Amino acid sequence: MVASKFKFTDAQFAKLQPHTKKRQYFQDTVQPGLRIQLTPKGVITFQFQRWSARLKKVLTKTLGTYEPNGLGIAKAREMAAHYLADLIEGKDIEQISRDIREEQTFEALFSNWLIEARHREKKTWETDQRRYELYIKKPLGSKKLSWFTRERIKRWHSGLKGIPSQRGKGMRMLGPHTANRCLALVSTVFNSQRPDFPNPTVGVVPFREQSRSRFLQPDELINFFNALESSQTPLYLRDFVYLSLFTGARRGNVGSMKWEDISLDLRTWTIPASDSKNKEEMVIPLADEVIIILERRKKESRSKFVFPVEKSKEGHLQAPRKSWASLLQRAGVENLRFHDLRRSMGSYMTIAGATTTVVGKGLGHRDKKSTAVYERLNLDPVRRSMADAIAIMKANRA
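Per full-length UniProt numbering: the sequence shown = residues 1 to 398.
Hints are computed from structural coordinates only; laboratory data are not their basis.
Nothing here was measured: the structure is a model prediction, and the numbers come from that model.
Some hints could be false.
Result set (DSS-like, lysine-lysine): computed pairs, CA atoms no more than 25 Å apart in a straight line [to be verified]:
1. Lys-7 to Lys-75
2. Lys-298 to Lys-313
3. Lys-75 to Lys-41
4. Lys-56 to Lys-75
5. Lys-304 to Lys-258
6. Lys-277 to Lys-304
7. Lys-41 to Lys-61
8. Lys-279 to Lys-299
9. Lys-299 to Lys-311
10. Lys-322 to Lys-311
11. Lys-56 to Lys-91
12. Lys-41 to Lys-15
13. Lys-75 to Lys-5
Label pairs and their computed distance ranges (CB to CB) [unchecked claim]:
14. Glu-126 to Arg-155: 26 to 32 Å
15. Ala-74 to Arg-337: 47 to 53 Å
16. Ile-115 to Ala-81: 41 to 47 Å
17. Thr-65 to Pro-206: 50 to 56 Å
18. Ser-158 to Pro-32: 34 to 40 Å
19. Gly-72 to Gln-217: 58 to 64 Å
20. Ala-74 to Gln-318: 25 to 31 Å
21. Ile-392 to Pro-176: 30 to 36 Å
22. Glu-295 to Pro-272: 19 to 25 Å
23. Gly-90 to Glu-126: 45 to 51 Å
Every residue gets a Cβ at the ideal spot worked out from N, C-alpha and C, and that includes glycine.
Put together the whole structure using the sequences plus the hints.
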């Protein structure tokens, strides 16, 4: 028969004989306060139990089920030593456990933040929600706030760059940009929802990001335009790509383009401040190629949107990922994102001799140093520069 007190070892645990009807308890002679509970079914559970002189009661804390390859004796002793130190300091370990159970999870914080973000009409809330679902919810969502430390967030962030991307085909690994955006989202949620709580992202260094400079190269334009003009390309996609390329506007703005914001007479498209990423109204000059497309679509349109989608919640075109991927495959163009069309317009404006100020005005970049210049600049040089850029691109067309 094993004594009620003995030095815990795996060999001794193997000798324990469960009672047929009641639970048995045994204390470790090495670590004060550590004991095990043995059930009639033979399950061994580690516990910490100790008298608290300050609270004048016995405090008990369950540590977990014994598993030689999981929660072993050494780890249980370490946990018991930690709780013993808390007890000596006068802490109520049972109350701490109750507080942790009642603590908010990060999931709750994010849900509250998302409601506020939608109410504020934050432009990127859908992207933030998608990132949370893909890369944050599983590792962090169920964690209580007391779990969060800088070291844990550092390890989580470091590990993000090595996991497979959940978007696109193939085995692309998650890049530094997305990993950093996930870190920034966690930081934003803590700052917004719990400003009284130490933000665990503080001191976590983001990955170094290389600025993307991809744009349609001259030797790619022939195949790209040929694929675009092919009968295999849906008309909506062809128009959408041409408008994106020839206006240099952001994909989201082109997709949500409204007729009320377009003046075919003045040949301008005004993006309201409420729809602009920079929260400033943008006026984009429209080239002949764009006017032709818009006039045709206007004759056929019964919607307030230039690119309506009846079944869409938003009512307009979003991101045509599948048809875009098919277009690139047929064109033989690799590593080209939709946003690179915007960069292509800026690049060809520069090739055509436009100044950085004119390019910035055409693309709606906000630069504090040149804001005053932008305000004085009329659209004529921008229109001429965009026309020159389109001419260069079309010159590479078959």
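Outcome of the hint check:
no., hint, verdict
1, Lys-7 to Lys-75, "holds, 15 Å"
2, Lys-298 to Lys-313, "holds, 22 Å"
3, Lys-75 to Lys-41, "holds, 23 Å"
4, Lys-56 to Lys-75, "violated, 28 Å"
5, Lys-304 to Lys-258, "holds, 6 Å"
6, Lys-277 to Lys-304, "holds, 21 Å"
7, Lys-41 to Lys-61, "holds, 21 Å"
8, Lys-279 to Lys-299, "violated, 31 Å"
9, Lys-299 to Lys-311, "holds, 22 Å"
10, Lys-322 to Lys-311, "holds, 17 Å"
11, Lys-56 to Lys-91, "holds, 12 Å"
12, Lys-41 to Lys-15, "holds, 14 Å"
13, Lys-75 to Lys-5, "holds, 19 Å"
14, Glu-126 to Arg-155: 26 to 32 Å, "holds, 28 Å"
15, Ala-74 to Arg-337: 47 to 53 Å, "holds, 51 Å"
16, Ile-115 to Ala-81: 41 to 47 Å, "holds, 43 Å"
17, Thr-65 to Pro-206: 50 to 56 Å, "violated, 39 Å"
18, Ser-158 to Pro-32: 34 to 40 Å, "holds, 37 Å"
19, Gly-72 to Gln-217: 58 to 64 Å, "holds, 59 Å"
20, Ala-74 to Gln-318: 25 to 31 Å, "violated, 54 Å"
21, Ile-392 to Pro-176: 30 to 36 Å, "holds, 33 Å"
22, Glu-295 to Pro-272: 19 to 25 Å, "holds, 22 Å"
23, Gly-90 to Glu-126: 45 to 51 Å, "holds, 49 Å"
Hint violations for this structure: numbers 4, 8, 17 and 20, all remaining hints satisfied.
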